[in-house]
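As a plain string of letters, each chain reads:
There are 2 protein chains.
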Amino acid sequence: MAFLVEADRLKSVLRATTLADGSRRENSGEHSWHLALYAMVLAGEAGPGVSIDRVVRMLILHDLVEIDVGDVPIHSSEGAAHGSAEVLAAERAAAERIFGLLPDPQGAEFRALWEEFEAAQTPDAVFAKSLDRVQPVMQNLASGGGTWVTYGVTAEQLEARVGVKVARGAPGLWEWVRERTRGYFRSAS
Amino acid sequence: MAFLVEADRLKSVLRATTLADGSRRENSGEHSWHLALYAMVLAGEAGPGVSIDRVVRMLILHDLVEIDVGDVPIHSSEGAAHGSAEVLAAERAAAERIFGLLPDPQGAEFRALWEEFEAAQTPDAVFAKSLDRVQPVMQNLASGGGTWVTYGVTAEQLEARVGVKVARGAPGLWEWVRERTRGYFRSAS
Numbered sequence: 001m002a003f004l005v006e007a008d009r010l011k012s013v014l015r016a017t018t019l020a021d022g023s024r025r026e027n028s029g030e031h032s033w034h035l036a037l038y039a040m041v042l043a044g045e046a047g048p049g050v051s052i053d054r055v056v057r058m059l060i061l062h063d064l065v066e067i068d069v070g071d072v073p074i075h076s077s078e079g080a081a082h083g084s085a086e087v088l089a090a091e092r093a094a095a096e097r098i099f100g101l102l103p104d105p106q107g108a109e110f111r112a113l114w115e116e117f118e119a120a121q122t123p124d125a126v127f128a129k130s131l132d133r134v135q136p137v138m139q140n141l142a143s144g145g146g147t148w149v150t151y152g153v154t155a156e157q158l159e160a161r162v163g164v165k166v167a168r169g170a171p172g173l174w175e176w177v178r179e180r181t182r183g184y185f186r187s188a189s
Numbered sequence: 001m002a003f004l005v006e007a008d009r010l011k012s013v014l015r016a017t018t019l020a021d022g023s024r025r026e027n028s029g030e031h032s033w034h035l036a037l038y039a040m041v042l043a044g045e046a047g048p049g050v051s052i053d054r055v056v057r058m059l060i061l062h063d064l065v066e067i068d069v070g071d072v073p074i075h076s077s078e079g080a081a082h083g084s085a086e087v088l089a090a091e092r093a094a095a096e097r098i099f100g101l102l103p104d105p106q107g108a109e110f111r112a113l114w115e116e117f118e119a120a121q122t123p124d125a126v127f128a129k130s131l132d133r134v135q136p137v138m139q140n141l142a143s144g145g146g147t148w149v150t151y152g153v154t155a156e157q158l159e160a161r162v163g164v165k166v167a168r169g170a171p172g173l174w175e176w177v178r179e180r181t182r183g184y185f186r187s188a189s
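Order-wise, the sequence lines are chains L and W.
Each residue of the first sequence is one higher than the one before, starting from 1 at the first, in the UniProt record's numbering.
Each residue of the second sequence is one higher than the one before, starting from 1 at the first, in the UniProt record's numbering.
Pulled out of the complex, with its shape left as it was, chain L reads as follows (with noise of 0.2 Å):
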């Protein structure tokens, strides 16, 4: 129950992106929930041995982290700071901490299943990035730019830190999501 009381904090972290109403800021705990209905939703773009329900799963605790860290937007300091080493080790000491909250070995399991998103190598976690990467995309469209206008992306950029990272898990998705980006970015330049 303290964990769960904990994991709360994650809907008072606010990411980048906003709502796709442009509203306000979406937050990490929303933002995770989405994305678990992006995962039911477009099963049908994963890959052969992906098992949505770990899918769904890696990604409901995927941004716990950022209770400790915040959210690192891809875009900001020209791509440069998500994934640095210093975000990397602070993400390990919020994992050590927040799942160290629960008793093992459920704390251990679920410690397990966010190091296995993170590395990004089995389909599961492949395809679950996948989704952590398009949802943004999906809500910058609606919203007209969103973090692209904010952080000054160019095609190309979109492309390198995002475009490739969608495709690795969910190709045909990225296809047909990038034919709706081209408009944005034709009409932005």
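Honestly, the hints are just simulated from the structure, not real lab data.
None of the values given here were measured: they were computed from a predicted structure.
Positions of the beta carbon are idealized from the N, C-alpha and C atoms, including for glycine.
There may be inaccurate statements among the hints.
Cβ-to-Cβ under 7 Å is the rule here; a few derived chain L residues that face chain W [what the hints assert, rightly or not]:
no., residue
1, Asp-8
2, Glu-30
3, Val-41
4, Tyr-151
5, Ala-167
Taking beta-carbon pairs under 8 Å as the criterion, some of the chain W residues facing chain L (in silico) [as the list claims (entries may be wrong)]:
no., residue
6, Val-5
7, Lys-11
8, Ala-20
9, Arg-57
Output of the computed footprint for chain W on chain L, the stretches with three or more beta carbons under 8 Å from beta carbons of chain W [said to hold, decoys possible]:
no., region
10, 78 to 88
11, 114 to 121
Please build the complex by placing chain W on the supplied structure of chain L, with the hints as guidance.
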């Protein structure tokens, strides 16, 4: 994708319950995420025959109808509004529209899962309902009363409107939580 963009609106549906720190009202999107986490953590409280993966899916979907209908708090209108014939009919129409945004068979599958949750007859649905009822109790305990203060709820009303439902799917959990609510109601009376 139309369904996933429409679902984003659940993040703007406000519940009566606040965050654990009392800073603002909780929305139904982040609430749904929190419940999925409850299911993962409290899996050991589920009765025999419960599939936690199905419970998680059910909880991810369970509040989508509130996009059209809004949240109807358990304790509002002296406990009479929630589950009234009028609200149920509106929720049914909302399910028709919202799940209708998905292609079949997926739309029909999601709708069936939502109906199973609403009917609260299968072991999965009974456990999912228990979590949906117990999470606001935990939020109220953390925030110093929350909706119990708002609606002037007594320990007896809590038992009748909430406790019975939690105990149906997770008797040990309700015993543990009720113990903690006793302190609150003693000091409030």
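So, going through the hints one by one against the coordinates:
1. Asp-8: holds (4 Å)
2. Glu-30: holds (4 Å)
3. Val-41: Hint holds; Val-41/L Cβ to chain W Cβ min 6 Å, cut 7 Å.
4. Tyr-151: violated (21 Å)
5. Ala-167: This interface hint is violated because 17 Å lies over the 7 Å limit.
6. Val-5: holds (5 Å)
7. Lys-11: Nearest chain L Cβ about 5 Å off; hint holds.
8. Ala-20: holds (4 Å)
9. Arg-57: At 6 Å from the nearest chain L Cβ, Arg-57/W passes the 8 Å test, so the hint holds.
10. 78 to 88: violated (count 0)
11. 114 to 121: With 0 residues close enough to chain W, the hint is violated.
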